[in-house]
Amino acid sequence: MIDSAGVEFEPIVGRYFTTKVQGEDCRVYFEEAGRGIPLVCLHTAGADARQYRHLLCDRDITAHYRVLAFDMPWHGKSYPPAGAYQREYQLTTQRYVDTVRAFCAALKLERPVVMGCSIGGRIVLQLAHAHGSEFRALIGLEAADFQQPWYDTSWLNRPDVHSGEVCAALVSGLVAPQSPYRDETLWQYKQGGPGVFKGDLHFYRVDGDLRGRLGGINTAACPLYLLTGEYDFSCMPEDTLRTAQAIPGARVTIMREVGHFPMSENPAKFREYILPVLQEIRGERS
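Counting with this note's numbering, you get residues 214 to 499 for the letters of the sequence shown.
Calculated directly from the structure, the hints in this document are not laboratory data. Positions of the beta carbon are idealized from the N, C-alpha and C atoms, including for glycine. Any given hint could be a false lead.
[To be verified] What follows is a set of in silico ranges between Cβ atoms, one per label pair, in the way DEER data are often shown:
1. 235 / 373: 30 to 36 Å
2. 464 / 229: 34 to 40 Å
3. 361 / 223: 38 to 44 Å
4. 458 / 373: 24 to 30 Å
5. 391 / 290: 29 to 35 Å
6. 272 / 368: 38 to 44 Å
7. 297 / 378: 22 to 28 Å
8. 219 / 272: 16 to 22 Å
The task is simple: from the sequences and hints, build the whole structure.
Spelled out as structure tokens, the structure:
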């Protein structure tokens, strides 16, 4: 949209609201664009919903979907719960599920599509297992039931190092070498709150081990799409393929030329893979 002064505005609108998660008031920030089927987007560990800015500005998507990307409590522009600033942050599977469901319920989203990346992709699997009937479809980016940790989390919240620089350095190798938005992707990690990335990884490496816990997923009632980048060595394609073998009907795509942050690091390449999925979900052929 271009105003009378010639300024071109992006279509993204940002808002705050307060909702309860596990009995605590959480002031949550989210951005949205478009209209149609609700598409809720979950960011990666230690980052925020800015990872989805390219998706929010994609008219081929927002013409059919109301895209909503929110900052988890403690992340980005969302605050910690009231009175929790001095508490050590640790994300658990149940808190994550409750947060996603609280967001959808507060905005009265009717059977939304949920798409999450990394830890967001992991929680998508749990949503499919425990609450699949609430969603039209679920999309896991860089998703698997478990990955063997390859990092030392003690470096992520120390007084003698810059935690943001360390967090960005840790994930820098997960970006594909040809991705054009490498610096933008890493900048979000440099801005994360103290201990937030480490707290997210508590879910990823400890509490969120879903091996052997995903039985009963009904992909006929709620389709499940798993898309993983070929350059991702955190959630390797083999991890996603292994996970999908235990979920009848799960659809897997290995994305070429992208790493762990497809929607953020290389949105043009990512849209080649996600557009056909979104077309299929709304009942159209690509």
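Looking back at the hints listed earlier, which ones does the structure fail to meet? 4
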